[in-house]
Every structure is written in structure tokens, then in C-alpha cells.
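Participant: Spelled out, the chains give:
Protein chains: 2
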Amino acid sequence: MVEAFRNYLTAKASFTDAELAQLEAAAIPRKLKRHQFLVRSGEVCHYIAFVVCGSLRLYRTDEHAEEHILRFAIENWWITDAESFRTGLPAVGSIDALEDTQVLLWSKESWDRVKQEVLTFNALENQLAGRNLDAQVNRLYATISHTAEERYHAFVAAFPDFYRRMPLHLIASYLGVSRETLSRIRKHTGLY
Amino acid sequence: MVEAFRNYLTAKASFTDAELAQLEAAAIPRKLKRHQFLVRSGEVCHYIAFVVCGSLRLYRTDEHAEEHILRFAIENWWITDAESFRTGLPAVGSIDALEDTQVLLWSKESWDRVKQEVLTFNALENQLAGRNLDAQVNRLYATISHTAEERYHAFVAAFPDFYRRMPLHLIASYLGVSRETLSRIRKHTGLY
DNA sequence: CGATTCTTTGAAAACAGTCAATCTGTGTGG
DNA sequence: CCACACAGATTGACTGTTTTCAAAGAATCG
Numbered sequence: 001m002v003e004a005f006r007n008y009l010t011a012k013a014s015f016t017d018a019e020l021a022q023l024e025a026a027a028i029p030r031k032l033k034r035h036q037f038l039v040r041s042g043e044v045c046h047y048i049a050f051v052v053c054g055s056l057r058l059y060r061t062d063e064h065a066e067e068h069i070l071r072f073a074i075e076n077w078w079i080t081d082a083e084s085f086r087t088g089l090p091a092v093g094s095i096d097a098l099e100d101t102q103v104l105l106w107s108k109e110s111w112d113r114v115k116q117e118v119l120t121f122n123a124l125e126n127q128l129a130g131r132n133l134d135a136q137v138n139r140l141y142a143t144i145s146h147t148a149e150e151r152y153h154a155f156v157a158a159f160p161d162f163y164r165r166m167p168l169h170l171i172a173s174y175l176g177v178s179r180e181t182l183s184r185i186r187k188h189t190g191l192y
Numbered sequence: 001m002v003e004a005f006r007n008y009l010t011a012k013a014s015f016t017d018a019e020l021a022q023l024e025a026a027a028i029p030r031k032l033k034r035h036q037f038l039v040r041s042g043e044v045c046h047y048i049a050f051v052v053c054g055s056l057r058l059y060r061t062d063e064h065a066e067e068h069i070l071r072f073a074i075e076n077w078w079i080t081d082a083e084s085f086r087t088g089l090p091a092v093g094s095i096d097a098l099e100d101t102q103v104l105l106w107s108k109e110s111w112d113r114v115k116q117e118v119l120t121f122n123a124l125e126n127q128l129a130g131r132n133l134d135a136q137v138n139r140l141y142a143t144i145s146h147t148a149e150e151r152y153h154a155f156v157a158a159f160p161d162f163y164r165r166m167p168l169h170l171i172a173s174y175l176g177v178s179r180e181t182l183s184r185i186r187k188h189t190g191l192y
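As they're listed, the protein sequences go chains A and B.
Be aware that the first sequence starts at 1, since it is given in our numbering, and climbs by one per residue.
Be aware that the second sequence starts at 1, since it is given in our numbering, and climbs by one per residue.
These are computed hints drawn from the structure, not numbers from a lab.
Any given hint could turn out to be false.
Said to hold, decoys possible - Short, incomplete list of chain A residues facing chain B, as computed with Cβ under 8 Å:
(1) L70
(2) W78
(3) A123
(4) A129
The beta-carbon is built from N, C-alpha and C at its ideal position, and this holds for glycine as well.
Model the full assembly from the supplied sequences, consistent with the hints where possible.
Facilitator: What follows is the structure, given as C-alpha cells:
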């Protein structure tokens, strides 16, 4: 299970064996069944997760009990409720598994320690954080400036692996439109 | 001009006089007239800016020549085209002054050096980056889950200083609705 | 004052959401 | 193996919201 993470790391930067061992030693492997939660809103999000296999979503539930997906994660992606993980306050979002899933978890303490001790990892994390912010800004831009149809096409183009794997209503929730609307967009453009 | 920055810093963390001097020495003061650009899309964004007084916006222009505001900045806020500043690639966004404005600028090299040398500042920057990401996620959530009216109220509540100062059409652009719609929302709710 | 710039208003058209019904495929238990 | 349940997807009719276009009404500034 840890091999996937090792492959991921070595593809991204050069780590010594000792460093790899250190990073892995700090990780807690966990298996999640479909629909099982990693965090529920209201709890503190104690972990950041690296996805070995399977998939998860981060979402929030609004006052009408409607769920809105903020983030998907599949193999080799990271996921956490960043605000709760960072501050130690209760999470407003929830994370659950969309399929049977295997993750590696780091507690805040392990994470901070390991970043302090393994400088290459710290640099990698900074890079990923920067890219994550850029992605967030780009998604926000798309949301305030493009139609649902354009956003769907961009989504398909950006995540070709994703959109065949996720049921339509989850993608709709991610894009911020109703399932019916996305269904009509699909029909209209013939893009499945 | 540098005093405003010094006040800002000392309110946020404890810096030695030497550190303050070092941070300030690396900064380039600049005055911008209303409508003057800090970066234009297509150029590389060489600087990160601290706003001493005045205000700016970061925006992108879509294929219909429509402008969409990604970020405002007033006194004591930071602004840059993060993606371009980080990568050195041409910016897709533009930054211009909404009023006559004074900023302090750091080049990427100065910024990285100063973060390496002044550890307290590095920690502060990490904290700000984390909060910035959280704000971005929260705004995205609001955009995909709330109506324009709810978003306007949240905006007014979150930035009470802002919304009297910015013309309506800029706020509309920030919220992702047409000026007419925001005008009607205002009329409808009586919230100006 | 005249010229921008900004805001409001009205009417029509485009768009997306809701509700309800139906259709599809998948998998489970009898 | 079939019947049934279930989750997901589609469709139609309707409602409501937002945009668009065009015009006119403030406000501000030289």
C-alpha cells in the first residue's frame, strides 16, 4: 500500500531512502468502504490523506440539505478539509469515500514534523499548495464567468479520467448545477 | 510610506528592528494613478504588492471582452497574480488601480530571499497563504451553492468597508452577476 | 455647464431549477 | 434464473431567475 506513495514521491523529486522511510513511517494506512466518512462536518479534521486507490469527495451541505462538492480526489491526489486541518477547528465540510478506497493519513503533528525534517518534502508541499491555490482561482473564474455548458466541457477536458468514473449527479454538484440541467447539457452537446 | 507596512507587520508578529529594516529595504515603493496597471494580462507579473493606501483589483477578461474580478485589495491587503508570480509565466489576469494608490513591491527574488532570511516573516506568509486558500474555497462554495442575493449580503457583511467604496458594477463583476441584476437585488432588499 | 461614469428601469428572451414521471442498468435474494 | 429493489439518468411541463438590450436618470468632476 505504501508503494504507491513511494512511486508518487520518487516521480516528483529525489528523496533518499531514509527520507522515504521517514515519510512512510509517519503515515497511517486506512481502508474506507464506499460511503464511509473520513471526516464529518462538525468534527475536527485530524488528517491529511493521500489516495492510494479509490476516490473521495469533499463537500458541504447547505441549509436545504443540498450537497455541494468542493473537491474530488482519486489515486495520487491529496485531500483534507484544509481549514479544519490547519486551524484545529471543527470542519464545515465532510469527506467520504465514493468507492472502496485506500488512503495514507498524516496527523497535523506528523505532517508538520515531517515537513520540518525532510526539506525536499517541504518544498514539494509548498509547490503543491501553490498549484492548488491556482487551480482554485481558475475554478472560481470559470464559475463566475462561464456557462454551465462551458464548465462541463472544461471539466471533461481537464479530468478525462474522472468524468466516466463519477456518476452524473456528482459532477453536477461539483459544477454547481442541478442533475437535470447537466443531463440536458450532455444531450445537447453529445459529450458523454 | 513604509510606516504603514511597519505597523502592519508589528501588529501581526514580533519582528526585530533589523528584520523590519531588512524587509523594508527589499521593497520598492510605487505610486499608481487611478486606472494605471500593475500588470497587464500577457505580461509576467514580477511583483507582489502590499497596499499602503488606495485600492486595486485583479481581474480577467473573457472572450466577450467582459471583465471578471477575482480579487480586490485595499489598505493592508496583498495582491499579485499568484500563478504568474510563482511560475514566471505570463499572467492571464490584469491588476489595475481603482483609485490613486500607493504600494510596496517585492520582486520574486527579493521575496524568496527575505522569506529565507526572516523566519518570522516566512511563518507569517505561510499563515496568510493558508487563510487565503480558505477564503478562496469559501468563496467558491458560496458561488456554487448560494443565490446572487445571498452572496451580496455575505459580501456586505464580510467587507463592510468595501462595498460603499466600490462602484456597484465592480461588485457585480466580483459576485458574478450583471450590474442590472445587482441593482435589482439592492432595490429589492433595501441594502445599500 | 458638459462630459464621463455610474445606476436604475422596463420588456423580452434565454437559462436553470423544480417537480413528477419514466426509463435504464445493476445487483441481490428467493 | 427470475423478480424486485435501488441507484442513477432522462424527459416534459412549469416556474422562477438572470441576462440582454435599450433607454433614461443620477452623480461626479474638470
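Participant: Each hint should be assessed against the structure and marked as holding or not.
Facilitator: Verification of the hints:
With 8 Å as the threshold, the beta carbon of L70 (chain A) comes within range of chain B, its nearest partner Cβ sitting at about 6 Å, so the hint holds. Taking 8 Å as the C-beta contact cut-off toward chain B, the hint placing W78 (chain A) at the interface is violated, the least distance being around 13 Å. A distance limit of 8 Å between C-beta atoms decides the matter here; for A123 (chain A) the minimum to chain B is near 12 Å, and the interface restraint is violated. Checking A129 (chain A) against chain B: minimum C-beta separation of about 7 Å stays under 8 Å; hint holds.
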